[in-house]
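*Asks:* Fit chains B and C to the known structure of chain A by using the hints.
Protein chains in written order, with numbering that gives the first Met the number 0: chain A, 0 to 301; chain B, 0 to 304; chain C, 0 to 441.
No incorrect hints appear here.
Selected chain A positions facing chain C (Cβ under 8 Å, derived; list incomplete):
#, residue
1, Q91
2, A107
3, H119
4, L122
5, D164
6, T186
Cut-off 20 Å, straight-line C-alpha distance, at most; resulting in silico cross-link-like pairs (SDA-like, lysine to any residue):
#, chain 1, residue 1, chain 2, residue 2
7, C, K430, A, E148
8, C, K105, C, K430
9, C, K234, C, D178
10, A, K121, C, R300
11, B, K276, C, N228
12, B, K298, C, D209
13, B, K276, B, Q6
14, C, K21, C, G64
15, B, K276, C, G235
16, A, K64, C, L206
17, B, K298, C, R207
18, B, K276, C, Y230
19, A, K121, C, P324
20, C, K101, C, H424
21, B, K298, A, R22
22, A, K121, A, W153
23, C, K430, A, D165
24, B, K298, B, D186
25, C, K430, A, W153
26, C, K105, C, E426
27, C, K234, C, L175
28, B, K298, A, L26
29, A, K121, C, R297
30, C, K430, A, N166
31, C, K101, C, R300
32, B, K298, A, L27
33, C, K430, A, G168
34, A, K64, B, T293
35, C, K430, A, H158
36, C, K234, C, G351
37, C, K430, A, R140
38, B, K276, B, Y223
39, C, K430, A, D174
40, A, K64, B, K298
These are computed hints drawn from the structure, not numbers from a lab.
For each residue, glycine too, the CB sits at the ideal point set by N, CA and C.
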Amino acid sequence: MSVDGPPTATAGTLLAVEHLTMRFGGLLAIDDVSFDARDGEITAIIGPNGAGKTTVFNCLTGFYKPTSGRLTLQAGSGLFLLERMEDFRIAQQAKVARTFQNIRLFPAMSVLENLVVAQHNKLMRASGYTFAGLFGLGVYRHAEQDAVELARYWLEQVHLTARADDNAGDLPYGDQRRLEIARAMCTEPVLLCLDEPAAGLNHRESAELNELLLFIRNQHRIGVLLIEHDMSVVMGISDHIVVLDYGRKIADGEPAAVRNDPNVIRAYLGEEEDEALPPEVARDLALEQGPADGGDDAGGRA
Amino acid sequence: MEYFVQQLINGITLGSIYGLIAIGYTMVYGIIGMINFAHGDIFMIGAFVSLITILLLGMAGLSWIPLALLITLIVAMLLTSAYGWTVERLAYRPLRGSFRLAPLISAIGMSIFLQNYVQLAQGARVKPLQPVVQGGFTFMERPDGFTVSLSYMQIVIVVVTIALMAAFSLLIARTSLGRAQRACEQDRRMAALVGINVDRTISLTFVMGAALAAVAGMMFLLYYGVIDFYIGFLAGIKAFTAAVLGGIGSLPGAMLGGLLIGLIETFWSAYFTIEYKDVAAFGILVLVLIFLPTGLLGKPEVEKV
Amino acid sequence: MVVRTLNGVAGEFRLDIPAILKDCLVSALIALALAVFIIGLRTTDGSGGLGLDFRWQAVGIAVVGVFVGRFLLNLWWARRTPKPKVATAEQGVAASAAEAFKTFVKVAAPMAVIGAVVLPWMPFADRYLLDVSILVLTYIMLGWGLNIVVGLAGLLDLGYVAFYAVGAYSYALLALYFDLSFWACLPLAGAFACLFGILLGFPVLRLRGDYLAIVTLGFGEMIRVILLNWYEFTKGPDGLSGIPRPSFFGLPFTRRVPEGTESFHTFFDLDYSSLHRIIFLYYVILVLALLTNWFTLRLRRLPIGRAWEALREDEIACRSLGINPTNTKLTAFAIGAMFGGFAGSFFATRQGFISPESFTFIESAVILAIVVLGGMGSQVGVVVAAVLLIGGTELFRGLDEYRMLAFGGAMVLIMVWRPRGLLAHREPTLKLSPAPTGGGPP
Numbered sequence: 000m001s002v003d004g005p006p007t008a009t010a011g012t013l014l015a016v017e018h019l020t021m022r023f024g025g026l027l028a029i030d031d032v033s034f035d036a037r038d039g040e041i042t043a044i045i046g047p048n049g050a051g052k053t054t055v056f057n058c059l060t061g062f063y064k065p066t067s068g069r070l071t072l073q074a075g076s077g078l079f080l081l082e083r084m085e086d087f088r089i090a091q092q093a094k095v096a097r098t099f100q101n102i103r104l105f106p107a108m109s110v111l112e113n114l115v116v117a118q119h120n121k122l123m124r125a126s127g128y129t130f131a132g133l134f135g136l137g138v139y140r141h142a143e144q145d146a147v148e149l150a151r152y153w154l155e156q157v158h159l160t161a162r163a164d165d166n167a168g169d170l171p172y173g174d175q176r177r178l179e180i181a182r183a184m185c186t187e188p189v190l191l192c193l194d195e196p197a198a199g200l201n202h203r204e205s206a207e208l209n210e211l212l213l214f215i216r217n218q219h220r221i222g223v224l225l226i227e228h229d230m231s232v233v234m235g236i237s238d239h240i241v242v243l244d245y246g247r248k249i250a251d252g253e254p255a256a257v258r259n260d261p262n263v264i265r266a267y268l269g270e271e272e273d274e275a276l277p278p279e280v281a282r283d284l285a286l287e288q289g290p291a292d293g294g295d296d297a298g299g300r301a
Numbered sequence: 000m001e002y003f004v005q006q007l008i009n010g011i012t013l014g015s016i017y018g019l020i021a022i023g024y025t026m027v028y029g030i031i032g033m034i035n036f037a038h039g040d041i042f043m044i045g046a047f048v049s050l051i052t053i054l055l056l057g058m059a060g061l062s063w064i065p066l067a068l069l070i071t072l073i074v075a076m077l078l079t080s081a082y083g084w085t086v087e088r089l090a091y092r093p094l095r096g097s098f099r100l101a102p103l104i105s106a107i108g109m110s111i112f113l114q115n116y117v118q119l120a121q122g123a124r125v126k127p128l129q130p131v132v133q134g135g136f137t138f139m140e141r142p143d144g145f146t147v148s149l150s151y152m153q154i155v156i157v158v159v160t161i162a163l164m165a166a167f168s169l170l171i172a173r174t175s176l177g178r179a180q181r182a183c184e185q186d187r188r189m190a191a192l193v194g195i196n197v198d199r200t201i202s203l204t205f206v207m208g209a210a211l212a213a214v215a216g217m218m219f220l221l222y223y224g225v226i227d228f229y230i231g232f233l234a235g236i237k238a239f240t241a242a243v244l245g246g247i248g249s250l251p252g253a254m255l256g257g258l259l260i261g262l263i264e265t266f267w268s269a270y271f272t273i274e275y276k277d278v279a280a281f282g283i284l285v286l287v288l289i290f291l292p293t294g295l296l297g298k299p300e301v302e303k304v
Numbered sequence: 000m001v002v003r004t005l006n007g008v009a010g011e012f013r014l015d016i017p018a019i020l021k022d023c024l025v026s027a028l029i030a031l032a033l034a035v036f037i038i039g040l041r042t043t044d045g046s047g048g049l050g051l052d053f054r055w056q057a058v059g060i061a062v063v064g065v066f067v068g069r070f071l072l073n074l075w076w077a078r079r080t081p082k083p084k085v086a087t088a089e090q091g092v093a094a095s096a097a098e099a100f101k102t103f104v105k106v107a108a109p110m111a112v113i114g115a116v117v118l119p120w121m122p123f124a125d126r127y128l129l130d131v132s133i134l135v136l137t138y139i140m141l142g143w144g145l146n147i148v149v150g151l152a153g154l155l156d157l158g159y160v161a162f163y164a165v166g167a168y169s170y171a172l173l174a175l176y177f178d179l180s181f182w183a184c185l186p187l188a189g190a191f192a193c194l195f196g197i198l199l200g201f202p203v204l205r206l207r208g209d210y211l212a213i214v215t216l217g218f219g220e221m222i223r224v225i226l227l228n229w230y231e232f233t234k235g236p237d238g239l240s241g242i243p244r245p246s247f248f249g250l251p252f253t254r255r256v257p258e259g260t261e262s263f264h265t266f267f268d269l270d271y272s273s274l275h276r277i278i279f280l281y282y283v284i285l286v287l288a289l290l291t292n293w294f295t296l297r298l299r300r301l302p303i304g305r306a307w308e309a310l311r312e313d314e315i316a317c318r319s320l321g322i323n324p325t326n327t328k329l330t331a332f333a334i335g336a337m338f339g340g341f342a343g344s345f346f347a348t349r350q351g352f353i354s355p356e357s358f359t360f361i362e363s364a365v366i367l368a369i370v371v372l373g374g375m376g377s378q379v380g381v382v383v384a385a386v387l388l389i390g391g392t393e394l395f396r397g398l399d400e401y402r403m404l405a406f407g408g409a410m411v412l413i414m415v416w417r418p419r420g421l422l423a424h425r426e427p428t429l430k431l432s433p434a435p436t437g438g439g440p441p
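Bound conformation, chain A alone:
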């Protein structure tokens, strides 16, 4: 299933995706995609609808088993081959946290409970796998207090302290998005995967989100992997961008470089719009495409 040979992750690389391929029956959702994500950096994965971005996430977090390829996570806690792990173990041991495109909170539980549930494994150990906790031993009470304090910290960061005791399902959409990020951060991850966190947000909320993501990157020095449609979010905060189209990687590099990549422009403008372009522009694009394709194979990130 996986690629032979030793993992090629180099120092500073948190996550190495190598030759990832995912096939659903006859549909090739991801076709031989490779890229890296680094500690303390925001890596964005962009691409038109159906490019396979969420599928990459689902492979990373174990919800899908990739058809082939290797996913290596190298963190302080050790080296993990994610493609061989069950989904909940990826979160538990490799410490990869994620959010979902269509928000998945625990709607009938309070905001605070959502954040405490995220610290489940830590608290389970502290409660002596329930036996000690049942009789209200001090060890567990302290652990629970610590968990609440961590939750309080993240509530403050996402400006939801006032709503801590309300049901998560009663929050407005934008608050729910931020709560989901706070919940993921409560698992104390080394890699945070955000699936379109800006979807459905208004301008102001989107700007707040940017600040939150920069805060997470700068203060907590973890790796952030971001799927996004909204180019203003991506260009403003990403350190590194990977572009997918029809399951293939078409560009990989710094925001400025990706922005001007003709392949990317074409993927975003779409094939039909080619005809609408003035003939001379189309010719220029076609000329530029050749060398750009060759450059891609070298693997973008230098």
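*Replies:* Relative to the frame of chain A, chains B and C by itself:
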């Protein structure tokens, strides 16, 4: 060998009845993703409507059996469909999009209700019916006198089942109703956006399932000659097992599953113990769900994250 | 703004009588189609096979009933729909309802417990009332046990009665074959049921919700069929009789005892009364039930309990947070099974006789209905529902025939009316204290 052939015939007959019920489970599951727990009781109502129709026709003095059976078939399909439609309308439609266990619990309530309704209206005693279709072929006589028999009733059951299966497959594959149904299976909201009347399509699915269950009920009545208000429970569970075994959501799968369950049950009773035949059916359900969750002919399901 | 809403109300309150009548007529016609055969023609046992009785009157009643019912329902809808929905007002109403519920629970729960404790000493507490109370308490305990599985963990278990049966048969067999006392068997019965829960749960808990329901139902039926047919071990349909009654720390509740030993009334120097045993049984089940409740309330505030509820809300999100779904479900399943086993061994010792008849699917459905009706996950709801359903049906013993009909109908109506149950309000298990590092959780 002769004994084996006899069991094979019996198993296929029983399997046809299970298959007809299983189609109702599979269609409803395919379109709204719920287990219509009351479907077994719809089958039971079909059997009762058939019984009453046959008695009425007998009182009216209709003696040409084929015509009587045809009338019974039509009446049973019509009235049982009305039950299927009403159940969907009252107990399931208001819960569409509700919390996920709600429709199932509502369906269990409906099943209890229907059983007790028929018990109250028709009495709790078993209802015997004198054989309507008699006679058959015998062949493969053994020296010790054992013969394999194939009754006309068994032939009727298998032929009717095959005919209905073909008709329904055509209906699903060729007509606009079938297209609407498949569209709703894929994506209900999108189907509504392109102008499909989703509510009507779901209602018709229940009606079709109930009509087939009515046929199964009638066959059950004629084959075994005795029914009561409780027959729907076990038959329903076995038919559901058949639907799962064949791959829930797949029409040929339901038929195949029905045949397999019928055969397994018959052979188990014939060669092992008759007491544990229900345990065998449930055991198979558990094994199938654990090792082959998509069934024999089901499509692999990709979890949507 | 206010004026406009008022206008809205006035404008929409007009009744569209012809439309309503048409709707009622259609409903009545459908009712006619449904009723004409099943209700109108009753099959009767005649001399030469089945005959038919015509009962057009009953059909008429059904059709008219549907017509009138539908009409009233239409009036109700017409009255209700134009209710102005002002967000703040509605939130206020919801909040005050929640407050009211909280005070109700705070006052009513201890009152109910005190009431239950003193009940046997009330002048009106006769044997019949105590028997009914024991029955209700048994169902409350079963409801609380199943509430862990269905209400908290969201696992639809349609075969809960299997664990009840395992508990009952474990006690009966251990007592009959090994001569063990009730108190020694009770933990063993719980442990057996728990083990059974783990064995059954391990393969099936991976299944999706509705598949799980059918498989648990299948298991419930399998256990019943095995109990019915394994004659050498379980005496099959004849059942096990002569199951020992519980003793009061070794003191039996019998009128006459063998020479040299004492019974309850001789030891405490009381006159013999058959009520002693009933009162004792009442307290046993009360303590068992309260223990179940205490345990559940405790677990809800622990990580495992929160994980159960989270799993009920969204399993995929749980997995993304590193919660092992199979183990978490398994604990809920096993603990629920254990309480079912306790209740089962109590049932066996109270009845003195058990047979597979007592453990049919309908029993599972009744317990499930108690949980669902009360409001999934609500401990108070279980009590209310058990008192209504079990106590209520005892009151209406004369209408026994209609009991299960009403029962099934009520399940449907309550689901349609309130899919989350009667008392579905949920209190968070943890609140954010105002001070950053203040006192511990309450």
